[in-house]
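Using the supplied hints, reconstruct the complex from the two chains, each of which is provided in its own coordinate frame.
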Amino acid sequence: MLIGVEETIQWLKNYNDKLSEQKDYLSQLDRAIGDGDHGINMARGFQQVADSLDDDFDDVSTVLKKTATTVMSKVGGASGPLYGTAFLKMSMACKGKEVDAGVFAEMVEAALGGIKQRGKSEEGEKTMVDVWSPVLDMLREGEFDAERLKKTAEDAMQNTEDMTATKGRASYFKERSQGNLDPGAVSSYYLFAELADVIGKGA
Amino acid sequence: MVNIVLVSHSPKLVEGLEELLKQVVGQVSIVTAGGDEDGSIGTHFDKIQAAVEEAASGDDGALVFYDLGSAKMNAEMAIEVAESESVRLVSYPIVEGSYLAAVESSIGNSLDDILASLEKEFG
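Going down the list, the protein sequences come from chains L and C.
With the working numbering as the guide, the letters of the first sequence map in order to residues 1 to 203.
With the working numbering as the guide, the letters of the second sequence map in order to residues 1001 to 1123.
Okay, chain C solo, but in the shape it has when bound (with noise of 0.2 angstroms):
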């Protein structure tokens, strides 16, 4: 199964979005980074990339999906460092998108499927 990578300015606005998500998908592998080094608002590096590591590591690939622009960019260095392929930051809604996401992902389908899925809706 694709993983899904929640990166928030807001530790509450992952948790909040994760405990959507796993309500409908339990288990698609959700991995979360909000908020800065103390759980205040802000984007921390380390703490993305320790999400974008884990979800890297399963043998589907990821989706990273964001809120605002720095968690943009740190999603995106955090990426260019895991060098992976299969890790795939997205720029559509982060509720719908990750809702969508994390359904295709239970029901098996692959990150090229999802990717085409998530353009046809929100793109």
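So here's chain L without its partners, still in its complex pose (with noise of 0.2 angstroms):
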């Protein structure tokens, strides 16, 4: 098993403390490229599903559903229904099964085809997409790492800052939205990152 109900808890527990924490750095990423509101829509929706975590929960798909109806109508703006798809999905993918390495994989398999459909986007265009995609890609290889998914995942993130949007509000600035990471991009690589340290210090 790779993560329980307990776990599950956890991660997002402390995927709050971290946007809590970066809330006016994200918001500054969008105010550069976007409407600046990515910071405070993240956390003030998070804030809401950390404290709807303390019930008691039978298993891992019933926290992520939890999660992913809370996101969807308290965090607003595009985050929303992306992130409350994304957790939707992986609520979907792991219903009656443990989270094992592959299960995950299956998850955020699942939550990315969400994403792409929601957004109506693609790898490449400067999205939170091109975080979520590369860590597919290295779910899909096997063994699972947390420290590699961490690196994969902020690898991805820095790799967004060349990028010319062609999606959402950023895509209006065409070139100009060159050199500034993608606010989307960031808050999915903490995402990641903490499931690595939650993992990492369980291990």
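Honestly, the hints are just simulated from the structure, not real lab data.
Careful, some of the hints might be misleading.
Residues on chain L that point at chain C, a partial pick, calculated with CB under 10 angstroms [what the hints assert, rightly or not]: (1) ALA50; (2) LEU53; (3) ASP55; (4) LEU82; (5) GLY84; (6) THR85; (7) ARG118; (8) GLY168; (9) ARG169; (10) SER171.
Quick caveat: nothing in here was measured; it's all calculated off a predicted structure.
Ideal placement from N, C-alpha and C gives every residue a C-beta, glycine not left out.
Rendered as structure tokens:
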């Protein structure tokens, strides 16, 4: 087993702490090429997520489903539907299963499919897809390695700096969007980094 | 009559647009979802969902107009959740498109008629 209910809740609570800590940085990134609300929206929404996870949960799928519905209605902006869809797809992909490395790869695959469909986006468009997609490629390679997960997500996030945005509000800036990290890619990196830390510490 | 839903990041934008539409087609039902939870600039799923549900309760269907990207994503989700075949999200100019739709709705045109007119004018 890779993660159980307890680790999943810890992961999401740590992610909330990280978002709250990096709220201004994320909004600053978003102000450069978007509407400047990414940090505030994510921090506000995931605080509600963290507050909703003190109940008892039967399995990882239920935790993720609860997270999905809270994110959809509390985050707002484009991040609400995108992260909400990602968590909902992850929840569906692990329903009735123990989350091992193989199941986790299936969850990320389902989430990535959902994000692409909801945002009508593909790789290379300077969005969160550019973190989720390389992470999925890495997970498919087999044995799970927390440090590699973190490094893969970090490198992928860095790679969005030189990309030109063709989706979302940043796309109106065309070439001017180059030289800035994509805020959704950064918040996605935090998500995988926090998971890697929870798993790394548990091992 | 076909109901009209206006989704925008700005409460003032939809308020102004509703006023504009009401002036010519008073009896058409226009439902707005502008801004985020506390009325600042943004979009908010619960608000949009409530507007879509309200418009979906009519007999003749509804058309949903939006301003920018995340308004579209939230409206898509709201329509999926409402599970109504007769609520359609359309990607036409929000001001001119909703104006045309409101006029056609007021003279009793069907959802399909209005969709065809919108496509002819702005497609």
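Going through the hints against the structure:
| no. | hint | in the structure |
| --- | --- | --- |
| 1 | ALA50 | 18 angstroms, violated |
| 2 | LEU53 | 20 angstroms, violated |
| 3 | ASP55 | 21 angstroms, violated |
| 4 | LEU82 | 7 angstroms, holds |
| 5 | GLY84 | 8 angstroms, holds |
| 6 | THR85 | 8 angstroms, holds |
| 7 | ARG118 | 6 angstroms, holds |
| 8 | GLY168 | 6 angstroms, holds |
| 9 | ARG169 | 6 angstroms, holds |
| 10 | SER171 | 9 angstroms, holds |
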